[in-house]
Every structure is written in C-alpha cells, then in structure tokens.
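Student: Here is how the chains run, residue by residue.
There are 6 protein chains.
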Amino acid sequence: MDTLTLKSSIIHFLKEDLGSGDITSQAIFPPDTPGKASFVAKTDFICAGMEIAAEVFKTRIPHLQYESSEDGRSVKVGEEVFTCKGPVLELLQAERVALNIVQHLCGIATLTNSFVQNVSDLPVKIVDTRKTTPGLRTLEKYAVRVGGGYNHRFNLADGIMIKDNHIAACGSISEAVNRVRQHAPHTLKIEVETEDIDQVQQCLEAKVDIIMLDNMPPELMKKAVTVINKRALVEASGGVNLMNIREIAETGVDIISIGALTHSAPSSDISMKLSTQTP
Amino acid sequence: MDTLTLKSSIIHFLKEDLGSGDITSQAIFPPDTPGKASFVAKTDFICAGMEIAAEVFKTRIPHLQYESSEDGRSVKVGEEVFTCKGPVLELLQAERVALNIVQHLCGIATLTNSFVQNVSDLPVKIVDTRKTTPGLRTLEKYAVRVGGGYNHRFNLADGIMIKDNHIAACGSISEAVNRVRQHAPHTLKIEVETEDIDQVQQCLEAKVDIIMLDNMPPELMKKAVTVINKRALVEASGGVNLMNIREIAETGVDIISIGALTHSAPSSDISMKLSTQTP
Amino acid sequence: MDTLTLKSSIIHFLKEDLGSGDITSQAIFPPDTPGKASFVAKTDFICAGMEIAAEVFKTRIPHLQYESSEDGRSVKVGEEVFTCKGPVLELLQAERVALNIVQHLCGIATLTNSFVQNVSDLPVKIVDTRKTTPGLRTLEKYAVRVGGGYNHRFNLADGIMIKDNHIAACGSISEAVNRVRQHAPHTLKIEVETEDIDQVQQCLEAKVDIIMLDNMPPELMKKAVTVINKRALVEASGGVNLMNIREIAETGVDIISIGALTHSAPSSDISMKLSTQTP
Amino acid sequence: MDTLTLKSSIIHFLKEDLGSGDITSQAIFPPDTPGKASFVAKTDFICAGMEIAAEVFKTRIPHLQYESSEDGRSVKVGEEVFTCKGPVLELLQAERVALNIVQHLCGIATLTNSFVQNVSDLPVKIVDTRKTTPGLRTLEKYAVRVGGGYNHRFNLADGIMIKDNHIAACGSISEAVNRVRQHAPHTLKIEVETEDIDQVQQCLEAKVDIIMLDNMPPELMKKAVTVINKRALVEASGGVNLMNIREIAETGVDIISIGALTHSAPSSDISMKLSTQTP
Amino acid sequence: MDTLTLKSSIIHFLKEDLGSGDITSQAIFPPDTPGKASFVAKTDFICAGMEIAAEVFKTRIPHLQYESSEDGRSVKVGEEVFTCKGPVLELLQAERVALNIVQHLCGIATLTNSFVQNVSDLPVKIVDTRKTTPGLRTLEKYAVRVGGGYNHRFNLADGIMIKDNHIAACGSISEAVNRVRQHAPHTLKIEVETEDIDQVQQCLEAKVDIIMLDNMPPELMKKAVTVINKRALVEASGGVNLMNIREIAETGVDIISIGALTHSAPSSDISMKLSTQTP
Amino acid sequence: MDTLTLKSSIIHFLKEDLGSGDITSQAIFPPDTPGKASFVAKTDFICAGMEIAAEVFKTRIPHLQYESSEDGRSVKVGEEVFTCKGPVLELLQAERVALNIVQHLCGIATLTNSFVQNVSDLPVKIVDTRKTTPGLRTLEKYAVRVGGGYNHRFNLADGIMIKDNHIAACGSISEAVNRVRQHAPHTLKIEVETEDIDQVQQCLEAKVDIIMLDNMPPELMKKAVTVINKRALVEASGGVNLMNIREIAETGVDIISIGALTHSAPSSDISMKLSTQTP
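Protein chains in written order, with this note's numbering: chain A, 4 to 282; chain B, 4 to 282; chain C, 4 to 282; chain D, 4 to 282; chain E, 4 to 282; chain F, 4 to 282.
There could be a bad hint or two in this list.
Which copy is meant is left open, so a pair is good if it fits within one copy or across any two.
Below, simulated DSSO-like cross-link-like pairs (lysine-lysine); rule was C-alpha separation at most 30 Å, straight line [said to hold, decoys possible]: (1) Lys276 with Lys225; (2) Lys233 with Lys39; (3) Lys10 with Lys210; (4) Lys226 with Lys210; (5) Lys225 with Lys166.
Hints listed in this document are in silico derivations from the structure and should not be mistaken for laboratory results.
Since the structure is predicted, the reported quantities are computational estimates derived from the model, not experimental observations.
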C-alpha cells in the first residue's frame with residue numbers, strides 16, 4: 004500500500020469518474036461551502052481500505068481532517084467507518100471513487116475472513132492468486148492480508164511457478180527446474196505445479212521448494228502430503244470454496260490458494276452521509 | 004470500447020502482472036517457440052470482451068491471428084471462446100491479464116442478462132450505475148450492454164443528477180433545478196432523486212426530464228408512476244436484486260438501475276489451454 | 004476548472020517553455036532572491052483565468068501569496084489584475100506560461116462578452132462549440148462562461164448530435180433517432196442538425212429535444228422557430244459574427260453557437276512587471 | 004515536427020474530444036462502414052499542417068491512405084487540401100481534432116505570410132516569439148516557418164535573452180553578460196534587450212551577439228542600426244502589426260519578432276466533407 | 004528485457020536527446036534521403052544490448068532492416084556489431100541514444116566477464132546488486148547476465164534481505180526472521196546479512212535460506228562456510244574487486260555480489276559510421 | 004536541476020527500486036518508527052547532488068528536515084555529507100535510489116575536477132558532451148558544472164553542430180553552413196567539426212562561430228589555433244584523458260570536450276548509516 008504508487012492511480016480513478024466536471028454540484032455549491040462526510044455500513048463486514056479512502060479525499064482536500072475505523076476490525080451495520088471534513092464540492096467529487104474502492108476492499112477482506120475463520124484451528128495459510136482485477140492488484144492483495152489471508156507472488160517476477168506447459172517444453176520436471184536454477188535470481192523459491200504422485204516424486208528429487216497440488220481430490224492431496232513429508236511446502240489450488248475448504252485443509256497442506264478471494268467477492272454495502280456545516 | 008483509450012490501460016495492466024519479467028518462462032522458452040492458446044469455458048456464461056482479449060495479445064504480438072466468439076452469445080461449458088497464435092513466451096505473458104479481464108466482463112454480462120431475462124416481456128430498461136471498479140468503467144459498461152442492459156451516465160459530466168444534498172443546499176427542488184439550468188449545457192437532461200410523492204410532484208412542476216424513485220417500496224413506486232403519467236422518464240433505484248426485480252418492473256417504471264451489475268458480479272470461469280506448435 | 008486535471012497540464016506547459024532550463028536567469032539570479040510580479044493590462048478586457056495563473060505560479064512556489072482580480076470583471080488598461088510574491092527565479096520561469104494562458108482566456112472572455120452584450124435584451128443564450136484549441140478545451144469553455152456565454156457539449160460523449168452523415172446513413176431522421184435512443188444513455192438529450200423546414204418537421208415527429216438550424220438564412224430560421232413552436236429547443240449555428248448576431252437572435256432561436264469564440268479570439272495584451280524585493 | 008513527440012500529443016487531444024466515446028456515431032455506424040473524408044477550404048489561406056492531420060487520422064486508422072496539399076501552398080476557397088479513406092466511425096472520431104489543428108496552423112501560416120509579403124523586398128526576417136499557445140509551441144513554430152517566417156528560440160534553454168530585470172539585478176549590461184558567459188553553454192548566442200542608445204552602446208562594448216530594440220520608435224531604431232553598424236544582429240520587437248511592419252523593416256533591422264503570429268491569428272475556415280463508400 | 008517496458012523508456016530517452024528537434028540535420032537532410040549506419044568497435048569488448056539498439060532505431064524507423072552481433076560474443080576492435088538502414092535524418096536522430104545505451108551495456112558485460120573469467124574454474128556465481136543507474140536497472144541486469152554473471156533481486160519486493168537495522172529493531176535475528184515469515188509471500192527466500200560467526204550461527208538456527216557475509220575478511224568467510232556446511236546458500240559481499248575476487252571465491256562461498264559491475268563499469272568505445280545510399 | 008522535471012524522474016526511480024513494496028522492512032518496522040539517516044563518505048570525492056538526495060527523501064517524507072554538505076566541496080573519507088530525519092520505513096525505501104544518484108554524481112564531479120585541476124592555470128574550459136546516461140542528462144551535466152567544468156549543448160536543439168555527414172551531403176562546408184543559416188533560429192551559434200587545416204580554412208571563410216578540431220594530434224591543433232587566430236572559438240575533441248589533457252590544453256584551444264566525464268566516471272563510495280530514534 005505504498006502511497007507513491009497509490010497517488011497516480013487515485014488521480015486516474017478520479018478523472019475517470021469526473022469527466023469534464025461535476026456539472027450538477029458545480030451549479031449548486033459554491034467552492035467553499037464546508038461539509039462533513041461519513042461512510043456508514045449498510046451490512047456487516049471486515050473493514051479494509053480506510054486509509055485508501057483518506058488518500059482519495061486528500062487528493063482533493065490537501066490538509067484533510069479525518070477519522071477512520073481500523074482495518075481488520077469487524078464492523079456492524081449502522082456503524083460509521085470513516086468521517087472527514089472539507090468543502091462539500093470536493094467531498095461530492097471524491098465520494099464515488101472512495102466508496103467504490105472501500106466497498107470492493109471490504110468485500111474481499113470479508114470473504115477472505117470467512118475462509119480463514121473456517122480453518123482457524125488448523126496450521127494452514129489462506130493465500131490469494133494473480134486472478135486480481137487489472138489495475139488493483141496491490142490494493143486487493145492488501146485486503147486479503149487485512150482479512151487474515153497471506154499473499155502469493157505479486158507478479159511474474161517475484162515467484163517462480165513451473166506449470167504443465169513449462170514441464171512439457173523441457174521434457175521433465177528436473178530439466179525445467181535446472182533451466183530455471185540457471186536463469187533465476189537465487190532469492191526466489193521454486194514452485195512446481197503437479198497433477199499426480201509421480202510428479203510430486205519428481206519434484207522431491209529436483210529439490211523444489213514448494214509443490215503445488217493442482218485440482219487434486221482431497222484423498223490424493225493427503226497422500227501427497229504424506230509422500231512429501233515436510234521436504235517442501237505444500238500448496239493446494241483449484242476449485243476451493245467455502246464448502247470444501249475444511250476438507251482440503253485437513254489433508255495437511257501448508258497453503259491453500261483461492262482465486263475467488265479477489266475475483267468474485269461481492270462488494271460490501273457502504274453509503275456516504277453528507278452534512279453541510281457552518282464553518 | 005475505444006481502442007485508443009484501451010491501449011494505455013492494457014499496457015498498464017500488463018506491467019502490473021509482469022513486474023521485472025516472467026522469470027519462469029524466460030528461463031524455459033526461447034523467444035521464438037510458436038504456440039496456440041485457447042480460452043475454454045469452465046461454466047456457462049454470456050460471452051463478453053473477446054476483442055479486448057485480442058487487444059491484450061496484440062500488445063505483445065503485433066500481427067496477431069485470432070478467432071473469437073461473438074460478444075453476447077450464450078456459451079456452454081467446454082466451448083472455446085477465443086484462440087490465437089504467437090510465440091509461447093508472449094502468450095504466457097499475456098495470459099493472466101487477458102483472462103482476468105474477460106472473466107470479469109463475462110461475469111458482468113451474465114449477471115446483467117439474468118436481470119434482463121427476468122423482465123424481458125416488460126417495457127423496462129435495466130441500466131448500470133457509477134458503482135464500477137475504478138479504472139474499468141468503460142469496459143464494465145460495455146459488458147452491461149453486451150448482457151442486454153443499458154448505460155446510465157458514464158461520469159459526473161455527462162448526466163445531471165440532483166440528489167438530497169443538492170436539494171437541501173438549495174432549499175427546494177425547483178431552486179436546485181433552476182441553478183442547474185443556468186449552469187449546465189443544454190444537451191443534458193435533468194434527473195432528480197426523490198423519496199416520496201411530494202418530491203415527485205415538485206419534480207413535475209419543475210419539468211425535470213427524469214425522476215428517480217430512490218429506495219421506494221413497490222407500491223409507492225406504482226403510485227409515483229401513476230402520478231407522473233408519462234410526463235417524465237421514471238427510474239427505480241436501490242436494493243434491486245434477482246428476487247425483487249420483477250415486482251419492481253411491474254410497477255411500470257421505465258428504467259431500473261442496479262449497482263450490483265458491476266460491483267458484485269462473480270467472475271466467469273475460463274481457462275487457457277496452450278499448445279506448442281511446430282512452426 | 005478542476006485543479007486535479009489542471010495540474011498535469013500546467014506541468015506539461017511549463018516543461019515545454021523551460022526545455023533544459025532557463026539558462027539566462029539561472030546565470031544571474033541566486034535561487035533565493037525574493038521578488039514581486041504584477042500582471043498589468045495593456046488594453047481593456049474581461050478578466051478570465053486569474054486562478055489558473057495562480058496555479059501556474061503555485062506549481063513552482065508551493066505556498067504562494069497572491070492577489071487576483073475577479074474573473075468576469077471588466078478591466079481597464081493600466082490595472083493590475085494579478086500580483087504574487089516568490090523567488091525571482093521561479094517567477095521568471097513561470098511568467099511566460101502564465102501570461103500565455105491568461106492572455107488567451109481574457110481574449111476569449113472578451114470576445115464572448117461582445118456577442119453577449121449585443122443581444123443582452125433578448126432571451127437567447129450564446130454558446131461555444133467543439134472548435135477549441137487542442138489541449139485547452141476545459142479552460143476555453145470556462146472563459147466562455149466567464150464572458151457570459153454558455154457551454155455546448157464538452158466532448159462526443161456528453162451530448163448527442165445527429166448530423167447529415169448520420170441521417171444519410173440511416174435513410175431518415177426518424178431511423179437515426181431510433182438507433183440513438185436504443186444505444187445512448189437516457190440522460191442525454193438528442194439534438195439533430197437540420198437544413199430546411201422539412202427536416203425540422205421530421206425532427207418534431209421524432210420528438211427530438213434540440214433542433215439545430217444549420218447555416219439557415221434568418222428568414223428561414225424565423226419560420227422554423229414558428230413551426231417548432233416551443234416543442235424543442237432551437238439552436239442556430241454557422242457563420243455567426245458580430246455583424247449578424249442580432250438579426251439571428253431576433254428570429255427567436257433559444258441558443259446561438261459560435262465557433263469563433265474559441266478559435267479566433269485575439270489574445271488580450273497583458274505584461275508582467277517584476278520587482279526585486281528585500282526579504 | 005518530430006512524429007515521436009507529436010503522437011502522444013495527438014492521443015491526448017483525441018481523448019479530450021472523445022470523452023467516454025462518440026455516443027452518436029457508435030449508435031449509427033457499424034465499425035466497418037468505409038468512407039472518404041475531404042477537407043475543403045471555405046476561405047483562401049496558406050496551407051499548413053496537412054501531415055499533422057494525417058497523423059491524427061493515422062492514430063485511428065493504422066494504414067491510412069491519404070493525399071494532401073503541400074504545406075506552404077496558397078489555397079483558394081473551394082479547393083480540397085486533404086483527403087483520406089477509412090471506416091466512417093474512425094473518420095468522424097478524428098474529424099474535429101484534425102480540423103481544429105489545421106485550421107489553427109493555416110491561420111498562423113496565413114497571418115505570417117501577410118507580414119512576410121509586406122517586406123519581401125527587404126533583407127529582414129520575420130520571427131515568432133515564446134507567446135505561443137501552451138502545448139502547441141512546436142506546431143505553431145512550424146506553421147510560422149511554413150508561412151515564410153523564421154523561429155526565435157523554442158524555449159528558455161536554447162537562446163540567451165538578457166532583459167531589464169536581469170540587467171537591474173546585475174547593475175550593468177556588462178556584468179550581466181559576464182555572468183551569463185560564465186554559466187551558459189558556448190553554443191548559444193547572447194541577446195540583450197535594450198531601450199535606448201546608451202544601452203545599445205553598452206551591448207556593443209560587451210560584444211553581445213544580438214541586440215534587441217524593445218518598443219523603440221522607428222526613428223530611434225534607425226539610429227541604433229547606424230550605431231551598431233553590423234557589429235551585432237539587430238532585432239526589433241514590440242507592438243508590430245501589419246500597419247507599421249514596413250516602416251520598422253525600413254529602419255534596417257535584421258529581424259522583426261511578432262507575438263501576434265502565434266497568439267492572435269484567426270483560424271482559417273475549413274470543413275470536412277464525408278462520403279460513405281462501397282468497399 | 005521486455006519490449007513493452009522498454010519502448011516507453013526509449014521514447015523518453017530520445018526526447019531527452021532531441022529537445023525541440025535536430026536543428027542541424029533538419030536543415031540539411033530532406034526527410035527521405037536513405038542511409039546506412041554501422042556501429043564499429045573502437046576497443047575490444049563483450050557485445051551486449053544490440054537488440055536494444057535495434058529497438059531505438061525501430062522507434063523512428065518502423066520496419067527497420069538490421070543485422071546485429073550476438074550478445075555475449077567477444078568483439079575485437081574494428082568489427083561491426085550493428086548495421087541498419089533507413090532515412091539519414093532518422094538514423095542521426097537515433098544515433099546518440101543507441102550508442103549511449105550499447106556503450107554502457109557493453110561496458111558492464113565486459114567488466115562482469117572479467118570477474119567471471121577470473122573464477123571460471125570455481126563453483127561460484129558472480130551476481131549484481133541494486134547499485135544500478137536509476138532508470139536502467141533492467142537493462143544493466145541484462146548486461147550482467149550477458150557477461151556471464153547472475154542477478155540478485157530486481158527490487159525490494161522480489162527478495163528478502165534482513166540487514167543490521169532490521170535485526171537491531173527486532174532485538175535478534177530469530178525475531179526478525181519470524182516477523183518476515185509472518186508477512187512475506189512464501190515464494191521468497193530469506194537472506195540475512197551477517198558480520199560474524201555468531202550471527203551466522205543464529206541464522207542457521209532460524210533456518211534462513213541465504214546467509215550474506217558482509218565485508219568479512221577471507222579467512223573469516225572460510226570459517227563461516229565451514230560452519231554453514233551447505234545448510235544455506237552463502238553470499239560474499241563488500242569491497243570485491245578484480246584483485247581480491249579469486250581469494251574470496253576460494254573461500255568456498257556460493258555467490259559473490261559486486262556493486263561495481265553496474266555502477267563503475269567504464270563505457271566501451273563504439274562509434275557510428277554513416278553512409279548515404281542511393282535508394 | 005529544475006525540481007519540476009526532477010520530481011517525476013525521482014518517482015520513476017523509486018518505483019523501479021520498490022516494485023510491489025519493501026517486503027522486508029514492512030514486515031519489521033511499523034510505519035511511524037522515527038529514525039535518522041546519514042550519508043558517510045567511504046572515499047574522498049567532490050560533493051555533488053545533495054539537494055537531489057533531499058528531493059528523493061522529500062518524495063516520501065513531505066516536510067523533511069535535513070542538512071547537507073555544499074555541492075562542490077572537497078569531501079574526505081569519513082565525513083557526513085547528508086543527514087535527514089523521518090520514519091525508518093520511508094528512509095529505507097528511499098535509501099538505495101538516493102545513494103545511487105549521489106554516488107554517480109559525486110563520481111562525475113570528482114573526475115571532472117581532476118581534469119579541471121590539471122589545466123587550472125590555462126585559459127581553457129573543460130566541457131561535457133551528449134555521451135550521457137539515458138534519462139540522467141540534466142543531472143550529469145549539473146555534476147560536471149559542480150566539478151568545475153562547463154556544459155556543451157544539452158540536446159540536438161540547443162546547439163548547431165555540423166559534422167562530416169552533413170558536410171558530405173552538402174558538398175562543402177560553406178553550403179552546409181548556408182543551409183543551416185536559412186533554417187536555424189538566429190539565437191544559436193554554428194559549430195563545425197573539422198579534420199584538417201583545409202576544413203578549418205573553409206570554416207573561417209564561412210564565418211562559423213565555433214570550430215571543433217576532431218581527433219587531431221596536438222601539433223595539428225596548435226597549427227589550427229594559429230590559423231584561426233581568435234576569429235572563432237576553438238574546441239578540441241576526441242580521445243582526451245588525464246594523461247594528454249595538459250598537452251592538448253597547451254595548444255591554445257578554448258574548449259576541450261570529454262565524453263568520459265559522464266560515461267565512464269566510477270561511482271564515489273558512500274554508505275547510509277541509519278539510527279532509530281526516540282521521537
């Protein structure tokens with residue numbers, strides 16, 4: 004959540020929503036009418052992204068006064084999660100972008116937290132994937148952490164993942180691992196996607212760091228975990244949902260990665276109340 | 004879906020996913036290994052965004068050969084919706100961004116279509132809102148059209164919407180409408196958000212073009228429609244879902260706007276199959 | 004005149020004028036010599052854009068102290084319209100860009116005001132067009148408003164204008180209007196360009212919102228106004244100048260659009276006086 | 004007129020005019036309807052910027068076929084100056100930006116040419132200034148050359164101009180020249196602004212390369228030219244117009260700089276004719 | 004060396020060198036004079052970056068014909084390493100940027116190769132650091148690979164490096180490692196900087212993946228290697244030069260990182276010969 | 004060293020080094036732990052670029068408190084040249100970029116100063132060339148000035164340099180000079196590259212402002228200086244190093260240009276000490 008990177012995105016988002024100007028509000032409010040805005044929860048959710056909302060408003064109101072709920076907190080319907088003061092005209096022009104972001108991030112944190120709570124008594128990490136909304140990856144991965152999850156690699160450069168096509172092109176897992184060891188920075192672990200126990204065995208021989216069990220049925224996962232026997236991290240992936248997460252976690256895998264955290268979390272419902280103030 | 008605007012977004016998205024490079028694939032594939040990629044449906048959905056996928060691949064493969072399913076078509080699980088050819092290295096580096104976009108757009112088109120089908124025998128339009136994902140508004144609004152919906156305003160400049168805060172600041176609906184008429188281009192219609200029949204009456208007196216019925220119960224909507232009697236377009240908004248859409252539509256409103264179309268549509272499941280080709 | 008959008012333009016303009024640096028002033032002034040700059044009118048004009056000038060100086064002098072004449076005021080030769088303080092080096096490096104902008108905007112406001120004054124006793128609005136200087140549309144349209152004019156659509160998305168080519172492609176005005184009604188957001192009015200009374204009649208049948216009379220002689224305009232009889236807004240366009248504006252206005256049209264407001268207004272003459280100050 | 008720099012400006016201009024899309028044309032034209040566009044002169048002018056128009060259309064139509072009148076040619080009303088082919092939808096979306104640019108550039112070339120013709124029998128160069136439209140300097144200075152004029156410095160870095168404030172800060176012209184000689188690249192000539200013969204004398208003693216006579220009456224210019232006696236280039240500046248240009252030129256100055264060339268040239272009138280073609 | 008990222012950098016570099024245009028060449032060459040350019044070695048070096056040179060020229064000459072020496076090849080003085088054809092004007096405007104890049108990259112590859120050759124019989128990898136030229140990291144790290152070296156992490160996100168300040172803030176190496184394990188993606192190895200054997204022991208207890216020996220004298224390194232005994236990768240860092248590299252390598256470390264590869268490699272001398280061609 | 008231009012470069016550099024975030028430091032430091040950073044000299048050098056370092060830190064720490072050594076000062080090993088305060092997390096994320104810049108600029112200033120000291124008793128200027136690192140030209144040319152050198156042209160637009168290819172294309176030096184005089188702004192001097200006395204003579208006849216002696220042996224330079232006899236500035240160029248600079252200077256040339264100043268200066272060694280503070 005580096006503000007450096009965030010600022011140019013926010014300006015881009017604000018321009019998208021503003022077009023050539025807020026025709027309605029400009030006609031009605033003089034530039035200096037003071038106001039106060041509050042974000043109010045219309046459903047329960049895990050709070051995420053309130054500092055991002057603050058950054059959106061700061062882009063328009065340089066010395067913004069604001070208060071915000073702490074990210075990660077469990078919020079009940081009716082609670083205020085963010086309040087700030089500034090010219091009404093600026094508040095209205097930031098409203099939609101700020102809401103669109105926090106509703107999305109709270110949605111992700113809330114869904115992530117459902118998965119996390121489901122397996123909280125087991126030694127397993129819930130992680131995200133690269134199946135994120137284009138342009139929002141850093142924010143969405145932040146929301147996953149807020150919800151109690153962990154992050155998988157951020158992009159193609161900060162994690163090595165050898166998949167079926169890579170293996171096929173090399174002829175074998177060991178050859179694929181060798182080529183990658185020759186090329187990649189030594190700071191990155193090597194992860195290989197496997198479909199059966201034979202591939203798992205090849206991974207162990209090639210001394211890979213992480214073995215992904217791709218779309219395996221739980222009983223096969225269990226067997227793979229036994230075979231691997233702590234010699235590599237074990238990641239389960241594919242078709243994970245709230246119905247089967249517990250069964251998967253109980254196979255003993257270390258990590259479960261879930262694309263739905265970021266690509267299918269419904270938005271949390273939040274609305275902005277605005278009051279005009281006497282200065 | 005103007006390609007001019009699209010191209011810089013796509014480059015931004017590709018850089019987000021690429022970071023300092025696809026370490027894994029660069030270690031394994033020489034730059035000129037030819038391949039063929041297919042997008043395969045893993046669920047049923049309404050096809051949307053295939054030309055955007057093509058633009059993503061074109062960014063990396065200048066003279067791309069591709070075939071794609073027509074947007075708007077109802078796709079069944081197992082069907083190929085997009086195929087293209089090019090260097091494997093380029094295909095892999097475009098894969099995730101292309102999939103993330105089309106899965107999202109197909110999800111929106113599919114959800115929109117569910118709403119549209121529900122009321123297809125009634126003279127009502129399903130429209131979206133400004134509750135879109137930051138950075139993706141144009142694409143998401145395109146997907147709504149593909150799904151059979153219509154678009155509400157794209158940004159704060161191409162539609163006038165007088166809300167409760169505007170009315171409060173002016174003292175009355177008529178004063179708010181007057182101020183806007185003085186300021187806004189004559190090319191824009193004036194829409195006013197109302198909460199009760201009294202406000203609807205004020206709108207009619209002020210000769211507004213569109214009256215939004217905000218979060219009214221269906222019986223009140225019905226009454227409002229009768230009062231308005233074709234003197235303005237009538238838009239229903241707030242809390243619309245697949246359970247209540249029909250009841251709302253039957254009140255006789257002209258337009259129903261639904262934020263969930265763009266902010267809560269789950270992603271459609273699509274995967275990319277890759278085959279290496281002899282040149 | 005949203006500052007968000009403005010700032011990146013101003014930086015672009017300053018870089019254009021600066022190149023790799025103000026070689027002359029850097030050789031002569033130490034970075035901290037304080038100074039005071041005044042913009043002085045060399046002719047009479049309508050003041051426009053002084054806050055934009057302030058934004059230009061603020062880009063270089065973060066906590067700028069300045070005073071400026073109110074936009075819209077009628078300024079006489081010799082008056083100071085803007086004064087600010089800051090390091091001489093920064094003042095000199097902002098001078099030319101700030102002057103180039105305000106001279107241009109004052110020119111537009113002044114020309115617009117001449118048209119407006121000419122017909123001030125008639126119920127007609129003077130509006131601009133899309134014939135603006137590339138990159139400066141928002142600023143130029145602001146200057147038109149300052150001069151007492153109104154704005155036509157800002158871009159191709161926030162107004163519908165059906166022209167001869169559109170009509171020809173559809174076969175008839177009614178078909179063109181139908182296609183647009185199917186596609187466009189319901190928040191936009193529909194305007195159609197007409198050349199004769201027959202087309203005006205077709206517009207009325209198609210219930211368009213605005214009828215543009217394109218390059219019609221005044222007597223034909225008068226007839227069109229009578230035919231339309233308040234059933235649509237009437238806009239006159241084409242070849243309007245200070246000699247014929249009154250005759251056109253007297254035909255009873257509601258709106259007169261004039262490209263020359265923005266594409267042919269001569270610059271108002273303003274110069275910057277600089278004095279070095281003891282801190 | 005480097006295309007590298009031009010392209011990003013053109014994209015910026017097109018986005019400004021397009022907003023979220025050409026709602027009207029998209030509703031009416033399928034993306035592949037072929038058409039032909041012609042730019043037709045509605046007044047006489049000097050042709051300038053036709054390759055820029057081509058670049059605008061190329062941004063939307065990659066392999067554009069076009070023909071254009073040569074820049075610098077004297078065009079008569081009714082002539083076609085530019086024709087191109089492509090999808091109607093793309094032609095319409097490029098039309099306004101292309102016209103806005105060429106009308107502006109033809110206006111500048113035409114005005115410049117009037118000045119140049121006025122003194123064509125005298126050994127004097129007409130040059131522009133930095134009083135250009137922000138964002139368009141390179142294009143406007145190109146149009147000045149097309150009209151027969153020459154360019155003064157492009158920005159603060161590629162020419163040294165010592166003005167009254169610089170002189171005042173240094174105490175004398177010679178000290179100002181010394182400081183600049185110590186600091187500036189040896190590739191740049193040194194120009195000094197003077198107000199009277201005494202300052203001209205000081206310039207000669209300091210061996211400056213160019214002496215600007217700022218707002219001097221013609222008789223004083225004549226005297227200055229005699230005093231300078233070819234020991235430096237002589238530039239006349241300030242208040243030059245078509246009425247006094249000849250008198251100024253006859254004083255024997257080498258160069259006359261005129262801000263109005265770029266800041267007050269009225270746009271040349273050009274319109275686009277569009278015909279739909281069978282492919 | 005992803006072309007996507009490269010292109011915008013190259014355009015930025017070309018604009019830096021071009022300013023408002025190549026005044027000299029534009030005065031002399033018509034835009035279509037054909038020419039041929041050759042890059043000729045003025046010293047011996049390892050060839051690196053020829054495809055980047057090609058990208059520079061392609062930015063100006065769309066369908067460039069070129070031939071280039073293979074990166075990694077040992078080039079002798081007088082050899083041609085790159086030739087291409089195109090308009091002389093475009094060749095001259097790309098020349099300096101292309102040369103500045105390849106001279107720098109060849110310099111880095113050559114210096115890297117000197118280090119690599121020095122220890123080519125030992126099982127040690129030479130790697131770079133983050134001490135790169137701002138804006139050129141990806142290119143410089145590519146040149147290191149061309150010279151036979153390997154890459155350390157590309158940025159702060161794709162490698163974990165716990166340094167003295169991190170350890171001090173946590174109180175102990177084990178606490179620092181714990182905190183990082185809780186926060187960081189599981190795809191990244193953990194590297195810790197150590198100054199003495201005690202810290203090395205703590206690293207082994209914390210099961211870190213990579214132990215950096217920071218500025219240790221060779222005898223201490225040797226001892227550390229023995230203590231570690233293959234339980235972690237060992238990286239030597241600090242003050243490495245061509246005089247001491249062999250002694251360091253002989254301590255048995257796995258990796259030697261050297262900042263000088265990228266921050267102090269002298270440029271290889273290459274010049275461009277240009278010949279004008281008959282078309 | 005205009006901060007306007009600098010800021011966007013610094014943000015670009017920081018993003019390059021940050022990637023998707025400083026994984027290590029974010030895991031360890033809370034955002035508000037205060038700290039103090041000092042840059043300490045590890046070798047002797049001429050200090051250059053400390054204000055740039057400050058700008059880097061300011062990008063992350065808005066109201067930065069800092070102290071810095073004056074640029075141009077001769078610094079001894081062990082001295083602190085820059086100190087600042089701020090959150091440790093921000094200091095660590097700015098560290099590498101700030102150091103990479105100042106180490107490079109101090110290296111350039113130091114090498115430049117060696118050349119300058121060598122000929123400090125002679126009336127000759129040491130100047131740089133366009134052989135700079137892409138993206139860093141303005142900063143590198145600043146460092147040359149700090150080291151006591153002067154700047155040659157910044158880009159192709161702010162100096163005229165007629166080279167062998169230009170001459171060949173025109174048939175003669177005089178024709179090349181004529182064409183340039185017709186085209187170029189009158190504010191620029193004309194420099195011509197020569198290889199022998201005959202060409203020098205042609206330059207004198209064409210009254211060029213600067214004659215470059217390209218790769219001439221010292222005795223030939225001496226002869227050229229005599230022939231020119233103050234009628235033009237004389238610049239020596241090609242193969243200049245610390246061994247031959249004095250001999251070249253003694254030929255009487257006015258200017259010696261040296262590419263190595265910017266393309267081959269080894270980085271000065273500077274490290275950052277960080278201490279955590281109680282607030």
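Student: With 30 Å as the alpha-carbon cut-off, assign the pair Lys276 and Lys225 to within, between, both or neither.
Tutor: Only across copies: Lys276 and Lys225 sit 27 Å apart there, 51 Å inside one copy, limit 30 Å.
Student: Pop the pair Lys233 and Lys39 into one bin, within, between, both or neither, using alpha-carbon distances up to 30 Å.
Tutor: Answer is neither: 55 Å inside a copy and 38 Å across each miss the 30 Å cutoff.
Student: My question is about Lys225 and Lys166: at a cut-off of 30 Å on alpha-carbon distance, are they close within one copy, between copies, both, or neither?
Tutor: within (21 Å within a copy, 39 Å between copies)
Student: Could you place Lys10 and Lys210 in one of the four classes (within, between, both, neither) given a Cα distance threshold of 30 Å?
Tutor: neither (42 Å within a copy, 38 Å between copies)
Student: Give the relationship of Lys226 and Lys210 under a CA distance limit of 30 Å: within one copy only, between copies only, both, or neither.
Tutor: Intra 19 Å, inter 26 Å, cutoff 30 Å: intra and inter.
The structure shown violates the earlier hints numbered 2, 3.
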